[in-house]
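S.K.: Construct all of the structure, not just a fragment, from the sequences and the given hints.
Protein chains: 2
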Amino acid sequence: MIRNTVKRQLFTLFLTLTIGVSLYAQNTNKSKPIVIEDQGSFTVGGTVIKESGTFDPIKHGAFNPADQVSEGQTLHGDHAYVFYQVPKKAKKLPLVFWHGYGQYSKTWETTPDGREGFQNIFLRKKYPVYLIDQPRRGRAARSTVPGVISAKPDDQLWFGIFRLGTSSEFYPNVQFPKDPKALDQFFRQITPDTGPIDFEVNTEAISALFDKIGDGILVTHSHSGGQGWLTALKNSNIKGIVSYEPGSNFLFPEGNVPDPISYVGGTLRALEVPQEDFLRLTKIPIIIYYGDFIPTEPVENPGQEQWRAALSMAKLWRDAVNQAGGDVTLIHLPEIGIKGNTHFPFSDLNNLEIAELMAEWLKEKRLD
Amino acid sequence: MIRNTVKRQLFTLFLTLTIGVSLYAQNTNKSKPIVIEDQGSFTVGGTVIKESGTFDPIKHGAFNPADQVSEGQTLHGDHAYVFYQVPKKAKKLPLVFWHGYGQYSKTWETTPDGREGFQNIFLRKKYPVYLIDQPRRGRAARSTVPGVISAKPDDQLWFGIFRLGTSSEFYPNVQFPKDPKALDQFFRQITPDTGPIDFEVNTEAISALFDKIGDGILVTHSHSGGQGWLTALKNSNIKGIVSYEPGSNFLFPEGNVPDPISYVGGTLRALEVPQEDFLRLTKIPIIIYYGDFIPTEPVENPGQEQWRAALSMAKLWRDAVNQAGGDVTLIHLPEIGIKGNTHFPFSDLNNLEIAELMAEWLKEKRLD
Chain A
1 MIRNTVKRQL
11 FTLFLTLTIG
21 VSLYAQNTNK
31 SKPIVIEDQG
41 SFTVGGTVIK
51 ESGTFDPIKH
61 GAFNPADQVS
71 EGQTLHGDHA
81 YVFYQVPKKA
91 KKLPLVFWHG
101 YGQYSKTWET
111 TPDGREGFQN
121 IFLRKKYPVY
131 LIDQPRRGRA
141 ARSTVPGVIS
151 AKPDDQLWFG
161 IFRLGTSSEF
171 YPNVQFPKDP
181 KALDQFFRQI
191 TPDTGPIDFE
201 VNTEAISALF
211 DKIGDGILVT
221 HSHSGGQGWL
231 TALKNSNIKG
241 IVSYEPGSNF
251 LFPEGNVPDP
261 ISYVGGTLRA
271 LEVPQEDFLR
281 LTKIPIIIYY
291 GDFIPTEPVE
301 NPGQEQWRAA
311 LSMAKLWRDA
321 VNQAGGDVTL
331 IHLPEIGIKG
341 NTHFPFSDLN
351 NLEIAELMAE
361 WLKEKRLD
Chain B
369 MIRNTVKRQL
379 FTLFLTLTIG
389 VSLYAQNTNK
399 SKPIVIEDQG
409 SFTVGGTVIK
419 ESGTFDPIKH
429 GAFNPADQVS
439 EGQTLHGDHA
449 YVFYQVPKKA
459 KKLPLVFWHG
469 YGQYSKTWET
479 TPDGREGFQN
489 IFLRKKYPVY
499 LIDQPRRGRA
509 ARSTVPGVIS
519 AKPDDQLWFG
529 IFRLGTSSEF
539 YPNVQFPKDP
549 KALDQFFRQI
559 TPDTGPIDFE
569 VNTEAISALF
579 DKIGDGILVT
589 HSHSGGQGWL
599 TALKNSNIKG
609 IVSYEPGSNF
619 LFPEGNVPDP
629 ISYVGGTLRA
639 LEVPQEDFLR
649 LTKIPIIIYY
659 GDFIPTEPVE
669 NPGQEQWRAA
679 LSMAKLWRDA
689 VNQAGGDVTL
699 IHLPEIGIKG
709 NTHFPFSDLN
719 NLEIAELMAE
729 WLKEKRLD
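Chains as they are written, first to last, in this note's numbering: chain A, 1 to 368; chain B, 369 to 736.
The set of hints was computed from the structure by calculation and includes no laboratory data.
Treat the hints loosely; a few may be bogus.
Residues from chain B that face chain A, not an exhaustive set, calculated with beta carbons under 10 Å [as the list claims (entries may be wrong)]:
id, residue
1, I404
2, G528
3, S535
4, D552
Using N, Cα and C, we set each Cβ at its ideal position, and we do this for glycine too.
M.R.: This is the structure we're talking about:
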């Protein structure tokens, strides 16, 4: 017990020193230009639907948004959109960043208070960076299935679920900037779906991306966490996964699925997959991070409860994959002394420290 | 007459030589890295709506997409989204690129066949580049007003209106790549509105952008053409406008509004503004470009007809602004020997030549 405590303290000291030195190096680098060898964008995956009949360019070719004729026409939709940048002297494996629920690629760009996000931070670390908008979201809004934008106000719901605080009150010492302009920008990162969320459509598109770019590392957030595991089942070009606060769809093998976890506001169920599929997740290194303000015991606030369930399930999942020979690390940030993080550690005030942790892990796993 | 012809031939020769030399320089530069001094993203403009009642974080704080309670909550929406890059040793005035109808910032990025678009081309020319997604489009999808995504197929409609050809048949010698993959990417650039198009919302957001960044040059395409003039009425930080194929909303002064122009499929009406507002458009240099396949006389194809009307109206507008002391240049590309361009000259096969024309004009107007 004492030995463990000493070991942990030494580890914390080591982390503090390494991160301290790196942060210093990084801060002095901040105004250095980024040299971009190549940058561009494309859509990937998706499908084509076609309306029956024949398109007549003379009869049907006039713009008439109120009552546009579709006869015989196609629609190309359900693709993902990708913006990529490759820095000079780039490392071999690109980082592919996938946003969470109600969010888009902005997640990884400039932070709500105008600091550099993971896009720039990891370009500076010489990683090729790919930012995704998943099908039916953001720039990949062209859906083959109709959708409704309700425009129903829900900022305060997300303020709670994203663990900035409760209602409009920040948690004490939360790593979120207190300038009201930052919160304004943060709320404007929320964006609606333009069609139903479809895991098959999404994972096919991201798998198609890895077919196109080859080996790479997938970085997921929240709702893309579960979809990330599903994509890794489809594509062995995914050589590692970094998952920030996965919230659902943890995959367990047939016959070994844990009981659902109830929480105030819902029930978190594991997803059953064939043993053979499950074992694919043991072939790549995976790291999971959770931030602060996640209770260990049931509380009355659903915004926190949801993450109590997720963290509990994630621990079961880590153990299941590791027992099958896998390499899953789960870091609950407050346990290593990093406190105050929201559901968005990569854009929180201490995001350089968070990035450093990820960079160290990539190095340790020889993914850099 | 003979003198004029000789002059025109000399001008064409001069253009060919300058462009030739520049293109050569540019092609040899193509693989040179782009040095980025600063890059990032933000939202700008927009509004906040609030539902009546009181948000209760315990009662209303659980995620329940099927029936989410909005009581007492806010929604931050109707902003524009902007991604910007500032190259090293940048010119003073940034280029602010605004997409057209049914499109988003992709318009200016990698072309459908994977060549560099105006984003990279003008970064290489040392311009700071700002790419907009207008409110209720792309990454700025968060609308304060409900919307419906119909997912009705309309690719062939746009194939016609964007003047690639008729139905699915390319125009002969059209400057569009014939690889089917390019057309697939092109169709995937189409994206729906997530709420009603609202000129007031859009022009306020883009004006707020110019408040934030200061002096700059606005580059518009198609539907943003008319909105671009309207934004220039609101914000004198717009120091010049480059407009590719503006299609509607040409502003004329009270009492001097031309007759509507009828075409197969619709009627193009000018927009009346107070004389005082109109005169603001005489204070900045403006250039307008139109591509090929625009008939001079009525034809039966609505996809072409719409542009016959637009080009006719644009000529009336140029004359009206210039007669009031303005500086509007209108280039119909085939008339200076540049043939085969679609509605998207900046991503057509000859887009380096198109960019060179724009760069020369900026230089001539001391906007570089």
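S.K.: Now, for every hint given, state plainly whether the structure supports it.
M.R.: Now for the hints, and whether the structure bears them out:
1. I404: Result: holds, 5 Å to nearest chain A Cβ.
2. G528: Hint holds; B/G528 Cβ to chain A Cβ min 5 Å, cut 10 Å.
3. S535: 5 Å, holds
4. D552: Given a least distance of 6 Å, the restraint on B/D552 holds.
The structure agrees with every numbered hint stated previously.
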